[in-house]
Amino acid sequence: MASTKILYRIRPGSLADVTVATDLYLRSFTKEKLLDFMFPTRHTDPTPLNMWVSRRFWLRYWTPEYVLTMLDDASGRPVAFTWWHRPTESLTFKERWLSPHAWVAPIMRAVLNLQSYLFPLPDVDSHRLGIYDRVFSTIEPDILNSPRRRSAWYLSSLGVSPDVHGSGFGSLLLQHGLEAADRAGVPTWLVGLHGVDKFYSRFGFVEVARANVGELKDWDGGAVMFRGE
1 MASTKILYRI RPGSLADVTV ATDLYLRSFT KEKLLDFMFP TRHTDPTPLN
51 MWVSRRFWLR YWTPEYVLTM LDDASGRPVA FTWWHRPTES LTFKERWLSP
101 HAWVAPIMRA VLNLQSYLFP LPDVDSHRLG IYDRVFSTIE PDILNSPRRR
151 SAWYLSSLGV SPDVHGSGFG SLLLQHGLEA ADRAGVPTWL VGLHGVDKFY
201 SRFGFVEVAR ANVGELKDWD GGAVMFRGE
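Per the UniProt record's numbering, residue 1 is the first one in the sequence shown, and the count goes up by one each step.
Simulated from the structure, these hints should not be mistaken for laboratory data. Take the hints with a grain of salt, since some may be wrong.
[Said to hold, decoys possible] Here are the simulated DSBU-like cross-link-like pairs (lysine-lysine), alpha carbons at most 30 Å apart as the crow flies: (1) 94 to 198; (2) 217 to 33; (3) 198 to 33; (4) 31 to 217; (5) 217 to 198.
Turn these sequences into a full structure, and let the hints guide you.
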């Protein structure tokens, strides 16, 4: 039987892709229970969640440690994205100090933070919104407990358009990021959502801890997984 070749293009994310990635995220994670903890009314009023994701992604774009990567299908339509976070020590001198992006980034972050201060998210419980960050801050020291682990790249988000699920695009985009980490000689890690453990284990990720503890004890995800330790 002849094999079918998947046509695609993986490329760095641009300014225009931030809005695209935001939309892909909102469509990819519509059933995620962690978002229900943070935005309990999101199914009847999606505006606060939409604003939160958009602002978060814009802030990431202007943070040098974050890398946005897009995958386009054969027609050129963006159908998947990843956000990787690299420790500051992984950045080259050019990335930190000499690129135009690095020069503009501090100004843009200040503008975005001012926007969030002047125009806070409507009808949002700030305590609920911070639930993940609070829980993770308590377990992070035990997870990033060695120089090797602290050098790891973190897969913050991997989103695939629902209409191409099962196409293999997510695997291709993940493998692209893992190969970059391998070339850099660093491990990778993530906090998995419900049901993704088997997918990531195929790429060499191994569960080392759980993030569904404390205030998040009822979350059905939370597998902390490392690769290449």
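Now for the hints, and whether the structure bears them out:
The straight-line distance between the Cα atoms of residue 94 and residue 198 is roughly 38 Å, outside the 30 Å bound, and the hint therefore fails. Note on residue 217 and residue 33: the hinted pairing holds, with a Cα-Cα distance of about 12 Å set against a maximum of 30 Å. This hinted pair checks out: residue 198 and residue 33 have alpha carbons roughly 19 Å apart, not beyond 30 Å. For the given pair, residue 31 sits about 18 Å from residue 217 by alpha-carbon distance, which is consistent with the 30 Å threshold.
The suggested pairing of residue 217 with residue 198 holds, with an alpha-carbon distance near 21 Å, which does not exceed 30 Å.
Figure legend: structure checked against the earlier numbered hints; the only hint not met is number 1.
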